[in-house]
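Protein chains in written order, with my numbering: chain P, 4 to 360; chain D, 874 to 1124; chain F, -2 to 297.
Please keep in mind that the hints were generated in silico from the structure rather than gathered at the bench. Values in this document were obtained by computation on a predicted structure and should not be read as measured data. It cannot be assumed that every hint is accurate.
Dumping the calculated DMTMM-like pairs for lysine to aspartate or glutamate here, alpha-carbon to alpha-carbon at most 20 Å [claimed, not checked]:
1) F:K144 to P:E312
2) P:K249 to F:D4
3) P:K170 to F:E168
4) F:K144 to P:E315
5) D:K966 to F:D176
6) D:K890 to D:E936
7) F:K144 to P:E320
8) D:K966 to F:E179
9) D:K1113 to D:E1096
10) D:K890 to D:E1096
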Amino acid sequence: MTPVNETGDAAAAGAPDPAVPPRDHDESEAADVPRRKSRRLADSFRTPWTHRLVERAVAAVAWTAIVAIAFIFVFVAREAIPLLYERHEDGSFRLVDLFAPRQWPGYDAPVYVWQPVGTPEKFNVVPLFVGTLKVTVLAMLLSVPLGVGCAMYVSQYASRRVREIVKPVIELLASLPSVVLGFFALIVLASSMQAVFGFRFRLNATVAAVALSLAIVPVVFTVTEDALSSVPRSLHEAAIALGARKYQTTLRVVIPAALPGIAAAIILGFGRAIGETMIVLMASGNAATLAPFDPTTSVRTVTATIAAELGEVARGEPHWRVLFLLGLMLFALTFLLNLAGGLIVRRLHRRLTASAT
Amino acid sequence: MPAKMATRGLSVWYGSKRAIQDVTLDVEENAVTALIGPSGCGKSTFLRTLNRMNDLVEGCRVEGVVTLDGEDVYGRDVDAVAVRRRVGMVFQKSNPFPRSIFENVAFGLRIAGMRDRQTLAARVEESLRDAALWDEVKDRLGDSALALSGGQQQRLCIARALAVRPEVVLMDEPASALDPIATARIEELIRELKRRYTIVIVTHSMQQAARVSDFTAFFYMGELVEYGPTERIFTRPIQKRTEEYITGRFG
Amino acid sequence: MTRTARDRALAAATGLCVALVLGMLLVVVGEIVRHGWPQLSWAFLTDQPTADMTGGGIFPAIYGTVALTLLMTVAVVPMGVATAVWLHEYAGRSSRLAAVVRAAVHNLAGVPSIVFGLFGLGFFVLFLGGSIDDLVYGDPTRPVWGKPGVLWAALTLAVLTLPVVIVTTEEALRAVPRDLREAALGLGATRLQTVVRVVLPNARAGILTGLILAVSRGAGEVAPILFTGAANFLPYLPSDLRDMFMHLGYHVFVLATQSPNVEAARPALYGTVLVLLVLTLSLNVAAVWLRSRYRAALRS
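Extracted from the complex, chain P is given alone in its bound form (with noise of 0.2 Å):
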């Protein structure tokens, strides 16, 4: 914001002013020294055009975030969208079939299957959302109350010295790479929960998502932990004044006070584990079955399909249009849950700040 100068004319200040306040005058101080001699201020420097361009370009690369963005929506589509108008004249493809059920040659009765490989080509997306959700759903149900306890430990009952360790370290998990975890339920996981479960398939929904919670209990432990601590003071305070024992404020003052910031972890939890690509991809045996309350079941989610299956397919296929149109799918779903988990903490934030001043 640059000021806005009014006037703005040098020659009006020369002129004498009645306004001025009474004052005396005593020039006598200052006659020996010699004036500087001063240019004048229009003419004695001006910030050099270089300086503007970088500025601008500066101004220019903020775009890109933005710009990143529309062009992510825009790439994906453009490999996507043909398929809405495209011609297949043999009839082998028909869009409808990318959602509802079909009876297809030599099956009893229309069913939801996915099997690009089949003749013909079946690309049914249902039993890949179905199976996205069965493993983040799975996933949230051990990471939320994981990722939840942690913070309110940490934010109400560590000492600041435990927590300036705790803290840390389970940030840390978020940076242990998702090939890794993949691995680990692959090797060693896998085999370990058969063993004690006795699961008919060695990778399934279940192996899938106790890996994945440990790539989403740092998501939604950060996210409720910020929450969780920028509850202020105050209310606390105000609690024990009342005679609150430690639990009765946590549970009745500080949890409900910061819920909006536990949604918020619940959503953005939910979209990562949605997209999450390489621990569904190793964990979870990839068999596009339709059996949506069975946690024992090998899965083929949307995320794992397309990193198996986009390496062998030739462009402009049905089935590499079908493999960028989930992609685009699921670019929305989490731009959308991303939109709204971020929306309810920036709220939050508002609401908490201005109830403590």
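Assemble the complex: chain P is given as a structure, and chains D and F must be docked to it using the hints.
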């Protein structure tokens, strides 16, 4: 002799709040002008308007005229940087850069494009002598400025401001964070500097204003209540509010 | 249950969560170190893979990962720092555009990594590379730029890590005291001189933190490079921006899922995982340490 700096009908807004209201004042050359008044009276805002330090404050709007040697400081083709190179500033809290003493003083010269090492060294020494700091730091110019004491840091900031040879030096409560001994040294320095510089100082201490300044302006609630030679302001104030303030009845 | 007992129960329950999470982290890291450590040797780190990648070393994967993240850094750091500088030093607090940029950064951080892979393929490889080929070579059957390669993979990762650099840098800029900016401006520095000579040097620890976090993230991501440049196996080291490359994370994936003899590949697999883990974790620990240092400086 015309005033070195002058304001005519100066008003400053922060958003919708008017911080300065219709101030008209002349700053005499080679003299110390003190701005006094209770906190929140607008004296610091006024000071920062003189060298356009408020330009970057969001929502700040300036109305009226500020001149330097008769030229409008806020003129359409005047760069704020040009103003600041001739009207230097020393802040309330000493703010040396976390670099060596030498680099602090040389900063303004370097950004103005001075590269020659000998000239730089000469100017740094000169400025440190002017700020009465040379003897204390001449053997450790390479040390971090942050290792200096509070009073030394403030004198370093003064040296840094002097190095670019401004014509006017604005000081915003330069001694408010210092102990009495360091304060006395700063005041002595200010009296010394006025032979070559025009100085405007904001102070919350009336004793300080009386000790160092030639002219005193009393601000209250964003308005200039009274302005005149310091001696007269402190002995024969015309306005009732001035008298009440300097006799300690409020503020 | 008495009230004190309830207090203890809640503390115990939440404490148990912490113990569980830390325990799992310990098991993961412990298991990898236990089996991976015996594999590590100078030869493992510096040799080519042999015998269907079950023997020999993983030097090409290390080399590829380093080349990839270096290229990525060169692209992402100037972009991220410039964006953060604009957001914090130039855009006003009430700027609508800044709010939109922040929202975009936040959302970019949440885009699934596999979608970045699709984007990299669709934009960098097919659109950008394809367009260069059309303009320069004009032979669509023999792509030169329009095929997966280390440059395209690096640029894809640069977009993915952009939010990390922006957010960390902006936090660092926030930690630079206002006083210093005013001191510089008061001495007649232009805004740009203030930013370049005072603000950025004082934020360099934070910028370095952002860089390290971006490198750590970039080194560990596999999904975005699946279609943009990673190779199963290469008989040579990439020497050109258009070459494909081997990658530690992708190597783990290949050894774990595509190896013809999983049992034989297991030692090499553990070794590779350990190298990847040491790389990413040590970078992160360094970043956390660096950040805690300048946060402490900010508080004092």
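(request) Mind checking the alpha carbons of D:K966 and F:D176 for me, to see if they're no more than 20 Å apart? (result) Holds. D:K966 to F:D176 sits at ~8 Å (cutoff 20 Å).
(message) For a C-alpha distance cap of 20 Å, please report whether D:K890 and D:E936 respect it.
(response) Holds: D:K890 and D:E936 sit about 13 Å apart, inside 20 Å.
(request) Verify the proposed pairing of D:K1113 with D:E1096, using a straight-line Cα cut of 20 Å. (result) holds, 14 Å
(request) With a cut-off of 20 Å on the C-alpha distance, tell me whether D:K966 and F:E179 pass. (result) holds, 11 Å
(request) Given the hint that D:K890 pairs with D:E1096, test it: the Cα-Cα distance must not exceed 20 Å. (result) holds, 14 Å
(message) Against the 20 Å threshold, does the CA-CA distance of F:K144 and P:E315 hold or violate the hint?
(response) With a Cα-Cα distance of about 15 Å, the restraint between F:K144 and P:E315 holds, given a limit of 20 Å.
(message) Given the hinted pair F:K144 and P:E320, is their Cα-Cα distance within 20 Å?
(response) holds, 18 Å
(message) Can you confirm whether the C-alpha distance between P:K249 and F:D4 stays at or below 20 Å?
(response) holds, 6 Å
(request) Measure nothing beyond the straight line between the CA atoms of P:K170 and F:E168; if it is 20 Å or shorter, mark the hint as holding. (result) holds, 19 Å
(message) With the threshold set at 20 Å, check whether the alpha-carbon distance from F:K144 to P:E312 stays at or below it.
(response) holds, 18 Å
The structure shown violates none of the earlier numbered hints.
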